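So the sequence lines, in the order shown, correspond to chains H, W and Y. The numbers in the numbering used here rise by one with no breaks, and the one at position 29 of the first sequence is 521. The numbers in the numbering used here rise by one with no breaks, and the one at position 49 of the second sequence is 1311. The numbers in the numbering used here rise by one with no breaks, and the one at position 76 of the third sequence is 61.
Simulated from the structure, these hints should not be mistaken for lab results. Don't take every hint at face value.
[Said to hold, decoys possible] Just the calculated beta-carbon pair ranges, DEER-fashion:
#1 W:Cys1323 - Y:Ser19: 51 to 61 Å
#2 H:Thr635 - Y:Leu94: 28 to 38 Å
#3 W:Lys1299 - Y:Glu212: 51 to 61 Å
#4 W:Glu1293 - H:Lys549: 49 to 59 Å
Here the structure is a predicted model, which is why all the values come from computation and not from measurement. Cβ atoms here follow ideal geometry from the backbone N, Cα and C, with glycine treated the same way.
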Amino acid sequence: MEVKQFSSIFENGVTTYCPGCEHGLLLKFIGMALDELGITEKAIMVGSVGCSTLAYKFLNVDYVQAPHGRAPAIMSAIKLLEKDKVVFGIQGDGDALSIGIAELIHAANRGIPITVFMYNNMVFGMTGGQMAPTTPEGMKTTTTPFGRDIKQMGPPLDACKILSSFPQISYLKRVVITPKPIFTKDRVMYSSKEAMDSYKAVLNAFKTQLMEGFSFVEFIGTCNVNWKMSILDSKKYVHEVGVKVYPPALCRDAFGVEKK
Amino acid sequence: MYQVVHSKWEVIINRERCKGCEICINACPQENLSLSKNVNSQGYHYVEFSEVGKKGECTGCKICWWVCPEYAILEVRRIEKTDNGS
Amino acid sequence: MGAKAIAEAAVRSGLEAYFGYPITPSSEIMENISVLYGEKRYPWFKVFLQSASEIESVNMLFGAGAAGYVSMTATSGPGLSLMAEGISYAYASEVPFLIIDVNRGGPGLGNVAPEQSDISFVLNSLGHGGVKPIVLAPHTVQESMEHVHKGFELAFTYRIPVIMLTDALIVHMYDTVEWEPPYIVKPKVEWAARGRNYGPRHIINSIYLDPPELKGNKEKLLQKQKEIDKIAESECFMCYDDLDVLYIAIGISARISKEAVLKLRKKGIKAGLFRPITLSPLDKNSILKYSSHAEKILSVEMNEGQLAQEIMRITRKDVEVLPYLGGYIPDVEEVAEAWK
Chain H
493 MEVKQFSSIF
503 ENGVTTYCPG
513 CEHGLLLKFI
523 GMALDELGIT
533 EKAIMVGSVG
543 CSTLAYKFLN
553 VDYVQAPHGR
563 APAIMSAIKL
573 LEKDKVVFGI
583 QGDGDALSIG
593 IAELIHAANR
603 GIPITVFMYN
613 NMVFGMTGGQ
623 MAPTTPEGMK
633 TTTTPFGRDI
643 KQMGPPLDAC
653 KILSSFPQIS
663 YLKRVVITPK
673 PIFTKDRVMY
683 SSKEAMDSYK
693 AVLNAFKTQL
703 MEGFSFVEFI
713 GTCNVNWKMS
723 ILDSKKYVHE
733 VGVKVYPPAL
743 CRDAFGVEKK
Chain W
1263 MYQVVHSKWE
1273 VIINRERCKG
1283 CEICINACPQ
1293 ENLSLSKNVN
1303 SQGYHYVEFS
1313 EVGKKGECTG
1323 CKICWWVCPE
1333 YAILEVRRIE
1343 KTDNGS
Chain Y
-14 MGAKAIAEAA
-4 VRSGLEAYFG
6 YPITPSSEIM
16 ENISVLYGEK
26 RYPWFKVFLQ
36 SASEIESVNM
46 LFGAGAAGYV
56 SMTATSGPGL
66 SLMAEGISYA
76 YASEVPFLII
86 DVNRGGPGLG
96 NVAPEQSDIS
106 FVLNSLGHGG
116 VKPIVLAPHT
126 VQESMEHVHK
136 GFELAFTYRI
146 PVIMLTDALI
156 VHMYDTVEWE
166 PPYIVKPKVE
176 WAARGRNYGP
186 RHIINSIYLD
196 PPELKGNKEK
206 LLQKQKEIDK
216 IAESECFMCY
226 DDLDVLYIAI
236 GISARISKEA
246 VLKLRKKGIK
256 AGLFRPITLS
266 PLDKNSILKY
276 SSHAEKILSV
286 EMNEGQLAQE
296 IMRITRKDVE
306 VLPYLGGYIP
316 DVEEVAEAWK
């Protein structure tokens, strides 16, 4: 019996992420959604700088490598010229909210029908765990060895709050992609609800683009290596601290794709 | 004459993709998954599936498939074995 | 006006997307292009967009180029500095587009008067990691029109960013032109990222993590550079015989120097003008040929001597500089007098 394959995922593609990182989960869901909607052949992926750069080794779609933070500008240009194609990008929190916030905000304000997936792991992952604008208060990183000081650095940036003020965004959602650890009497288990919700969010984001709307989904995930935690501890941290700083919410659904 | 259909499930794993993060091992309610003693070409201990776990047979709940971040668990599928009783 | 001529030439040549950010003295090009957008005569002109910064402009050019569309922008020194990042990425990923640099006074905010002080920046350091785009240097309004057309063709033939180096004077000058720009000859863009469409995927990429891969890519780019060297073009005005003085200039100072050369010739002084038409690649053979017969080489430029440095590097001869700084324009009498 043959194993079912997704046409958008390489048969022998191996992700470049550390064990336990949910970035790979996001790529898997993007591949699945592209297949389910039958848009693999007309999809163009724009990669940003960070851990998402090497996504092209996993997803078998057209790929343009953007400079650090500039992916939304490139996506906008491609979409304006190739109106019937599906253009999406994966950005990290450092890429989208630190260096590239201007490009993200202006693309969102114009409402060009593109899809931005933001994987928020609250640190700069690829450069080795420095503080990001999204780092929660008190979190220790390599550049904040005594924890993030809110008086000096300000509170963590909330992408959904910023973007919800733009009227031309059609789909704006924040989900937790990290499986929730469940502590039973004798062992730890993981729930699959978060993963299922994340997949739905990916699917709805693409559906919104097909209906000519700008979509943005923020995924709260882990970076256990740079947080210097075990896989289990990092998952616990997201569900204990992360969801308080970044509560999952559906901020905008102009076309009602959630209900369908 | 009657027919008994034993529904069994199997988990297809791509060993080369697996990085041994053990999320699926913890997630499996029946404890059908375990870490192999061998390593793959990346140097990771990969996950192995056994039909009968510590708490019983695989029920095909697909939780392992949903939580695997590497897409190493390719598919959870049904194998049907038909017994012709007498 | 120069800006209007450039706008007309660009759109008639087949401009498909314009992304720009206003900056004096280049804004007139953008304004003149914006009125042509949406005209039925130009069905190929698909997108006109004012971006939020030069950084966004250059990345939108990158996106349009990566999808295989003819795109351009016009900017000035401070904007070009911001675009350096994107140009470096585009050079590495072989993405074609055209940038018109309307040179203003620098460094810093400087002023908005014409200068030629971006020469070294454009030729030697436009982006990190060793970037060498094609650089064109027109000296009249008519030639700027031709160079826009040529710039599009070169960009797509060699898959490389092209810079047209001009100055505030040419772009704001009224001049007679006589040229109907034909639609460009655009090669097929099978490499463009427009979706897989049941074929192989297209990758526009500048990351090569393994040293052998990056080495391979750099060697490929260098090989391409050798091909590009063959298109080097230059003009030598009145270079008939052994010269008493060989003027060297580009852009508006070349046009003024031509007058000075004519003046000197009337007096019986053997003067000539060497004018690179493509600044990068520089026409090395011609400059070596003409400079070897000249008593004196004199570079007339509106900066501290950036072009002279480039010429000295090739000829290994002393090149005198007649500098005009801060937005002053060369004077014909002064240039002619300087031959002694």
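Item to complete: Go through the numbered hints given earlier and state which of them the structure violates, listing their numbers in rising order.
Response: 4
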